[in-house]
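All chains, please: the whole structure from these sequences, using the hints.
The numbers in the working numbering rise by one with no breaks, and the one at position 5 of the sequence shown is 5.
Hints in this document: simulated from the structure, not taken from any laboratory. In this text, all values refer to a predicted model and were calculated from it rather than measured experimentally. All C-beta atoms, glycine included, are put in the ideal place defined by N, C-alpha and C. Hints should not be assumed to be uniformly reliable.
To be verified - Derived Cβ-Cβ restraints for the label pairs, each shown as a range: (1) 286 <-> 30: 19 to 25 angstroms; (2) 50 <-> 261: 41 to 47 angstroms; (3) 256 <-> 30: 45 to 51 angstroms; (4) 221 <-> 241: 49 to 55 angstroms.
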Amino acid sequence: MAQSSSVGPVGAAVGYRPSVTLPFLAEFRRQASRRRTQLALGFMVLLPLIILVAFQFDSGGDDRNGRNEFASLVDLATSGGLNFTLFSIFVSSSFLLVVVVALFCGDTVASEASWGSLRYLLAIPVPRARLLTVKLVVALAYSALALVLLAGTALLAGTLRYGWSPLRSQVSAELAPADGLVRLLAVLGYLAVVLLVVAGLAFLLSVTTDAALGAVGGAVLLWILSSILDQITALGALRAFLPTHFSSAWLGLLSTPVQTDDVVRGAISAIAYATLFWGLAFWRFTRKDVTS
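The structure is reproduced here in structure tokens:
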């Protein structure tokens, strides 16, 4: 019997190309229309403005004397746009950015499963590996955009309010504005690498469960647990294997001279953990029975 002209030699429809299913831009626009994306990115813009307004109501006095360490950070933050940006990054890096990255990467596949649309995406058909790749790349793109929006808004608002001044911190000498800007970009780059661990863990949980909230919350809770364990000195050298052990190594990028040993170790650790989690996510999803 002659083969139907609508079917290719391997049983696929004529003209079907797996590599063009679920285009990146289509998924990017689709995620941009979601309320959680708009709220998360909007809050990244709003947070520096909230901090700026809060500083205007700071009356100092006795309350400040009771918090000398934090008060000194506030004094640094109001001494220039670069310093205000550094403060905004400092107060956001340990929790807020973790939640945002976990939201983008943990919600991306689990939400499709909870809506019952995941099986229809695969029936288009979109190859499973491509679906995961596109969703992961889009989630990472929005995570990076959130980081850039936070730092960019803080730099713009802080410079307009406090001026373009040298960068100062408690671990370095005064840095010229150009040098300070380079240091801040390096800090953002390192934070982006460290947050890959959160992205990998949230993405793994996202393909494991149909509950988006469970994937996001699970990634955040495990990150907090790792941070708590890292404070237990009795663990000794084992702490170096925790994914959060080098999460604050970016402070070395602000010191004089620059301290990069822990930065390199932290980057290697983060990339290794992220690769492991992503590998497990692809392995799990390509063997999973998708019923939702």
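Each hint, compared with the structure:
With their beta carbons about 23 angstroms apart, residue 286 and residue 30 fall inside the hinted range of 19 to 25 angstroms. At about 36 angstroms, the CB distance of residue 50 to residue 261 disagrees with the hint of 41 to 47 angstroms. For residue 256 and residue 30, the Cβ-Cβ distance of about 46 angstroms falls inside the hinted range of 45 to 51 angstroms, so the restraint holds. At roughly 19 angstroms, the beta carbons of residue 221 and residue 241 sit outside the given window of 49 to 55 angstroms.
Hint compliance for this structure: hints 2 and 4 are not met, and every other hint is.
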